[in-house]
Amino acid sequence: MNPYVLMTLLSSLGLGTTLTFASSHWLLAWMGLEINTLAITPLMAQHHHPRAVEATTKYFLTQATAAAMILFASTTNAWMTGEWNINDLSNPIASMMFMTALALKIGLAPMHFWMPEVLQGLDLSTGLILSTWQKLAPFALIIQTAQTIDPLLLTLLGITSTLMGGWGGLNQTQLRKILAYSSIAHMGWMIIIIQYAPQLTLIALGTYIIMTSAAFLTLKMSSTTKISTLATTWSKTPILTSTTALVLLSLGGLPPLTGFLPKWLILQELTKQDLPLIATTMALAALISLYFYLRLCYAMTLTISPNTTSSTTPWRTQTTQTSLPLALFTTAALGLLPMTPTIMMMTT
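As numbered in the UniProt record's numbering, residues 1 to 348 make up the sequence shown, in order.
What the hints contain is simulated information worked out from the structure, not anything from laboratory work. Check the hints yourself; a few may be wrong.
With a cut-off of at most 20 Å between alpha-carbon atoms, the simulated DMTMM-like pairs for lysine to aspartate or glutamate come out as follows [stated by the list, open to error]: (1) 226 - 123; (2) 177 - 88; (3) 177 - 117; (4) 58 - 150; (5) 58 - 123; (6) 220 - 123; (7) 58 - 34; (8) 263 - 274.
Restraint-style ranges between C-beta atoms, simulated for each label pair [to be verified]: (9) 83 - 338: 44 to 54 Å; (10) 156 - 71: 19 to 29 Å; (11) 64 - 85: 21 to 31 Å; (12) 71 - 277: 33 to 43 Å; (13) 25 - 228: 46 to 56 Å; (14) 271 - 27: 34 to 44 Å; (15) 25 - 303: 50 to 60 Å; (16) 57 - 303: 49 to 59 Å; (17) 340 - 147: 45 to 55 Å; (18) 84 - 237: 52 to 62 Å; (19) 72 - 242: 47 to 57 Å; (20) 6 - 237: 25 to 35 Å; (21) 298 - 147: 36 to 46 Å; (22) 83 - 242: 49 to 59 Å.
Glycine is no exception: its CB is placed at the ideal position from the N, C-alpha and C atoms.
When you get a sec, could you build the whole thing from the sequences and use the hints?
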C-alpha cells in the first residue's frame, strides 16, 4: 500500500477514536465510530484476496448495523428526554438498544459470531488493530453510560461472553480464530465488572491490549497462523518460543504473569459486592479458556515437529521485522504483576 495512503488511514483511525473519546454529544461520538470503521476497511481489504474481501464485507455490514442502532437509540433518547448528552441516557429502551449495538461493535456474546470469521480473513497486522485499537472507542462510550444500563443485561453479556469465548476456542486449529475467541472471553471479564468498578475495566482492557499485542507480534515474527506450523517454531527460534508460551499462559490468567492481575482484582471486587455465584462462574469459565492456551503451549514446547505435524517446515530466512515492539509488549505481558499496588493507587 502507498505509504501516504497508509498514513492517511492510520491518522483517520486515531482521529475517529479521539473524537469519540472527547465527545459529550451523541452525534459526535457516532461520527467518531464511523470514521474508525471507514478508515480500517481499506486496511482490511488491502491484499485483494477473496478471503480478505469477504472478511471486510462482513465487518462493514456488522459495524454499519451497530452504527445505525446507536443513531436510532440516541435519536429515541433525544426524542423522549430532549437531551443529546451522552451522560443523560435515561430512557430504558434507548439504553438497552445502545448497549446491544455496542456489544455488536466489540463482539460480545451472543453478538460475537462475526468476530472469529472476520479475524480469520485478515493478516496479522490488521488483526492486531482490530483486536486492540478498535475496542477503545466503544469502551469509552460503555464506561460513560454504564450506570444507566440495566445491571442484569451487563451481567448476562459478561457471563455469556466468557463462556462462549472459552467454548468456542476449544476445537480451533487456526490461531487467529483462537485469539478472536480469547478476545470475546476477555471482553466478558471487562463488562461484568464495569457497573461496580469501572477502573478495573480499564486495567483489564490495558492488560488485554498488552498481552494480545505480544501474541500477534510473536505470530507475525514467526509467520505462523496454524497450530501445526506453531509446532515447528521451536527449532527456528527457541527463545521466542519460550516467551510465546509464557505470553499465552499470561492470556490464560496464570500467576505470576500479568494476565493474573485483572482476573484477581475482578474476582475480589465481585466477592466484595456479595456476588459469590457470579465470581465462581467467571473463575470456572476462565478454566475453559486456559485449556486451549495450554494446548497451544503443548504444541509449541512439548512436541517434536517432524513426528507430529504434516505441514511444511518454514524457510529459516532472516526476518526484516523490527523486534523492539515485540520485546516491549512481551516484557509487559510477563512482568507487570508486582506493579499491582501501584496500579491500584493510580486508579482509585
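Tested hints:
{"no.": "1", "hint": "226 - 123", "verdict": "13 Å, holds"}
{"no.": "2", "hint": "177 - 88", "verdict": "38 Å, violated"}
{"no.": "3", "hint": "177 - 117", "verdict": "7 Å, holds"}
{"no.": "4", "hint": "58 - 150", "verdict": "29 Å, violated"}
{"no.": "5", "hint": "58 - 123", "verdict": "16 Å, holds"}
{"no.": "6", "hint": "220 - 123", "verdict": "9 Å, holds"}
{"no.": "7", "hint": "58 - 34", "verdict": "16 Å, holds"}
{"no.": "8", "hint": "263 - 274", "verdict": "17 Å, holds"}
{"no.": "9", "hint": "83 - 338: 44 to 54 Å", "verdict": "45 Å, holds"}
{"no.": "10", "hint": "156 - 71: 19 to 29 Å", "verdict": "24 Å, holds"}
{"no.": "11", "hint": "64 - 85: 21 to 31 Å", "verdict": "25 Å, holds"}
{"no.": "12", "hint": "71 - 277: 33 to 43 Å", "verdict": "37 Å, holds"}
{"no.": "13", "hint": "25 - 228: 46 to 56 Å", "verdict": "50 Å, holds"}
{"no.": "14", "hint": "271 - 27: 34 to 44 Å", "verdict": "41 Å, holds"}
{"no.": "15", "hint": "25 - 303: 50 to 60 Å", "verdict": "55 Å, holds"}
{"no.": "16", "hint": "57 - 303: 49 to 59 Å", "verdict": "37 Å, violated"}
{"no.": "17", "hint": "340 - 147: 45 to 55 Å", "verdict": "26 Å, violated"}
{"no.": "18", "hint": "84 - 237: 52 to 62 Å", "verdict": "53 Å, holds"}
{"no.": "19", "hint": "72 - 242: 47 to 57 Å", "verdict": "50 Å, holds"}
{"no.": "20", "hint": "6 - 237: 25 to 35 Å", "verdict": "28 Å, holds"}
{"no.": "21", "hint": "298 - 147: 36 to 46 Å", "verdict": "43 Å, holds"}
{"no.": "22", "hint": "83 - 242: 49 to 59 Å", "verdict": "55 Å, holds"}
Violated hints, listed in ascending order, are 2, 4, 16 and 17; each of the other numbered hints is respected by the structure.
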